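S.K.: Mind docking chain B on chain A? Use the hints.
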Amino acid sequence: MRSSYTCQKCLTFLRSGARPQLHCVRQAPAQQRWISLQNNQPTIIRASPQPALAKRFVSSTSRQEQNAAGESLQPRTPPGLEYTRMRGDPHRLLLQPDNLFHSFSNSPSPDIRRRAAFIKQHAYCPHPHHRQTRLPTTPDDPETKKSSAAGSPPAHVQYECPDCGIPVYCSEEHFADDYESHLEICDTLRQINEDDHDLRSGRFFPEFECPGPQLEEALVNMTNWDTFLYSREFAAINEDRSLRQATKLLTYPATIASVLHELSPYNIRKGGRLTVEGLKSLSALRYTLHPPRTGGGGDIKGLRLTPPAVRIFIVGARAESSLPREVWIQLAYLFPRVKFHLIFIGPESMANRDDEFPLPPRTPSNPFGAVVEDRISSELKISTYVEYYHTLHKAGHFYPYDPYFDCFMLFHPGLGHPASSHEWEETLPLLLETKVPILATGYTDWDMQRDLQWVQEKMAGEVDLLMEPGENKFRSLRWDLNDLDPQDISCGNWGLWAFRGKRYETTRQEE
Amino acid sequence: MPLLPRSTYYDKNYRQSPALIRARQPYLIKNVLTGAAIFAFTVGVYAFTIRAVSQDEFEDVIVPDKPIQPPHAPNAVGNKS
Chain A
1320 MRSSYTCQKC LTFLRSGARP QLHCVRQAPA QQRWISLQNN QPTIIRASPQ
1370 PALAKRFVSS TSRQEQNAAG ESLQPRTPPG LEYTRMRGDP HRLLLQPDNL
1420 FHSFSNSPSP DIRRRAAFIK QHAYCPHPHH RQTRLPTTPD DPETKKSSAA
1470 GSPPAHVQYE CPDCGIPVYC SEEHFADDYE SHLEICDTLR QINEDDHDLR
1520 SGRFFPEFEC PGPQLEEALV NMTNWDTFLY SREFAAINED RSLRQATKLL
1570 TYPATIASVL HELSPYNIRK GGRLTVEGLK SLSALRYTLH PPRTGGGGDI
1620 KGLRLTPPAV RIFIVGARAE SSLPREVWIQ LAYLFPRVKF HLIFIGPESM
1670 ANRDDEFPLP PRTPSNPFGA VVEDRISSEL KISTYVEYYH TLHKAGHFYP
1720 YDPYFDCFML FHPGLGHPAS SHEWEETLPL LLETKVPILA TGYTDWDMQR
1770 DLQWVQEKMA GEVDLLMEPG ENKFRSLRWD LNDLDPQDIS CGNWGLWAFR
1820 GKRYETTRQE E
Chain B
6 MPLLPRSTYY DKNYRQSPAL IRARQPYLIK NVLTGAAIFA FTVGVYAFTI
56 RAVSQDEFED VIVPDKPIQP PHAPNAVGNK S
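Protein chains in written order, with the numbering used here: chain A, 1320 to 1830; chain B, 6 to 86.
Think of the hints as simulated: they come from the structure by calculation, not from any bench. Treat the numbers as computed from the prediction; the structure is a model and nothing was measured. No residue lacks a Cβ here, since even glycine has one placed at the ideal position from N, Cα and C. Hints are not guaranteed to be accurate.
Okay, derived cross-link-like pairs now, SDA-like style, lysine to any residue, Cα gap no bigger than 20 Å in a straight line [what the hints assert, rightly or not]: (1) A/1792 - B/26; (2) A/1658 - A/1697; (3) B/35 - A/1584; (4) B/17 - A/1558; (5) B/17 - A/1525; (6) B/17 - A/1554.
Cβ-Cβ distance ranges computed for the label pairs, FRET-style [stated by the list, open to error]: (7) A/1523 - B/31: 41 to 51 Å; (8) A/1682 - B/15: 35 to 45 Å; (9) A/1558 - B/31: 12 to 22 Å; (10) A/1417 - B/47: 25 to 35 Å; (11) A/1467 - B/37: 53 to 63 Å; (12) B/30 - A/1822: 32 to 42 Å; (13) B/15 - A/1543: 15 to 25 Å; (14) A/1611 - B/47: 40 to 50 Å; (15) B/47 - A/1503: 48 to 58 Å; (16) B/30 - A/1617: 36 to 46 Å.
Chain B extracted, bound-state conformation:
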């Protein structure tokens, strides 16, 4: 057949036809609210996780000063063989 069968509920630019919009109308608000709830849940999970693994405060740990001379480094022997 020359054309694949296409749903009449979408026009040639794949936009929803008025019939489809009317058919979806009773569920529009409930769907939007459900979608918002799921989205909020996802955002909440991300926010919690990122906050949970964010860097700790280390103000109470005393870092010793850097020594003046670097310790004697062993001879860096390259790969001779």
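So that you can see chain A by itself, here it is in the shape it has in the complex:
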């Protein structure tokens, strides 16, 4: 009998007190099963919600990952009380695959009900009759239709659209009135609804299994997601929904790789979006990223001089730093024989990584208390600095910057966005001073154009454009909802562009 190893008092306590715990575990069976099978936290969480101006911060899908991480740290349930986990058992699923659409307030998942309550408390009704609550940030912001003086006081959203299940208007009358503009996003909102429920449904997620390294000669085709996944030997992702879930994570390493790889879909032909300056910067990087064979091997005779690691500085990192390392190492697998050092820098770079606190102490060998993960693999090292980039730059911490080895990556930096541009003012000149390519992504075309204009203005034109702003071929296919404003839907890394500090070539003086 298993329970003979447990004392009677403990058994009675566990049987009575553990019932809520068992209930809790039963409520989220798949998260734990998921963790035990795959040991990762598939989706990312945006930083905690900020006041309405900060439209970038989305409180997103995986509160459940926090739950699962918490559960995995709790002591294991005693053997007699463990329930058997059956993979794919339909009775354990919270939601069946054909039963994924539920209105947010009446959702079977408590997490989504909490989100619905949050939305109803914070989001405002976009009908033009209300007064403006904040300055409009984009031309198609519903706030532009509202007037700032006249109008009824702003009301929180209460009414849920029956087709998409998300609270979007304060009352049925306003919903009926503004129906045409709602129709534009209703389908996408419904898709978001179903995808969110799918993530919490407790099914097995084969799409989150990432493959290992592959033969160097088996080239990866980067024309689009499907060819990329096929040539990278991912398991076939046949369903659209699964593809959306998978690309939401993979967009981060795939975006970086799609620009830096020599087989990248961006070129200097017309429509290829790369400029000549871009080709120059990328050629320098590709020289390191695709090294010639040196005849090196595992023994003493195979000792060769190895170049330093390629450093990719992800500045303004938020939840990207919490992506599972299985996902980040896909970047290293795309470039065989190259070592990578990913450096996440930013005040919020430890978002959703609460179990890694407290940060290491600041010692002379680690003066900024960085979290260094060097045991991931021989090809990848990840460091996380909870600092502004300008502090580290002025301290000369990463000096010297080599355009053959270093690259900056800014994921949705919001350079020109009113809520975040003041934080970038000090960092931007220093980024451009390094003369190292800076890749940036954005939520929409307008977002990127605004960022580009802001950069040009701030630096008085001392900027070289490496890649013109446009749609990212490896964008996330899954749309995200902003809990503070359900009208604002975005997908990760929609657009991509690149710039660099202007380099001047020496010219001959006219005789």
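M.R.: Chain B alone, transformed into the frame defined by chain A:
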């Protein structure tokens, strides 16, 4: 292992999965045209060869008439030994 590892890009009846069809999509038209060109080349080679070795016209050659009596055939001696 009980099953040989099978590619997930083909279903259990060995038909192409939607993922594979999507991955092949950018190359579909180019491949079909290349295939048509190769096929046309093969057909062309066959057509040319057959026409080249087909029978010639022999209308201008006068064939003498068959003689009335067959020439005296030598004794057909069988194999006696």
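S.K.: All the hints need checking, so say for each whether the structure fits it.
M.R.: Hints, one by one, checked against the model:
Distance hint between residue 1792 of chain A and residue 26 of chain B is fulfilled; the C-alpha atoms sit about 19 Å from each other, no more than 20 Å. The straight-line distance between the Cα atoms of residue 1658 of chain A and residue 1697 of chain A is roughly 7 Å, inside the 20 Å bound, and the hint therefore holds. Between residue 35 of chain B and residue 1584 of chain A the alpha-carbon distance is near 18 Å, which keeps this suggested pair within the 20 Å criterion. Taking the CA atoms of residue 17 of chain B and residue 1558 of chain A, the gap is about 16 Å. The hint holds against a cut of 20 Å.
Restraint check: the Cα-Cα separation between residue 17 of chain B and residue 1525 of chain A comes to about 17 Å, which is no more than 20 Å; the hinted pair holds. A distance of roughly 15 Å separates the Cα atoms of residue 17 of chain B and residue 1554 of chain A; the hinted pair therefore holds under the 20 Å criterion. At about 31 Å, the beta-carbon gap between residue 1523 of chain A and residue 31 of chain B misses the expected band of 41 to 51 Å. For the hinted restraint 35 to 45 Å between residue 1682 of chain A and residue 15 of chain B, the CB-CB distance of approximately 55 Å leaves it violated.
Between residue 1558 of chain A and residue 31 of chain B the Cβ separation comes to about 21 Å, which falls inside the hinted range of 12 to 22 Å. The given range of 25 to 35 Å is broken by residue 1417 of chain A and residue 47 of chain B, whose C-beta atoms sit roughly 50 Å from each other. Judged by the Cβ atoms, the range 53 to 63 Å given for residue 1467 of chain A and residue 37 of chain B holds: they are separated by roughly 59 Å. For the pair residue 30 of chain B and residue 1822 of chain A, the supplied restraint of 32 to 42 Å holds, since their beta-carbon distance comes to about 40 Å.
For residue 15 of chain B and residue 1543 of chain A, the hinted distance range of 15 to 25 Å is satisfied, since their beta carbons lie about 21 Å from each other. One distance hint, 40 to 50 Å for the beta-carbon pair residue 1611 of chain A and residue 47 of chain B, holds here, with the actual separation near 41 Å. The given range of 48 to 58 Å is respected by residue 47 of chain B and residue 1503 of chain A, whose C-beta atoms sit roughly 53 Å from each other. Here the CB-CB span from residue 30 of chain B to residue 1617 of chain A is close to 42 Å, well matched to the stated 36 to 46 Å.
Hint compliance for this structure: hints 7, 8, 10 are not met, and every other hint is.
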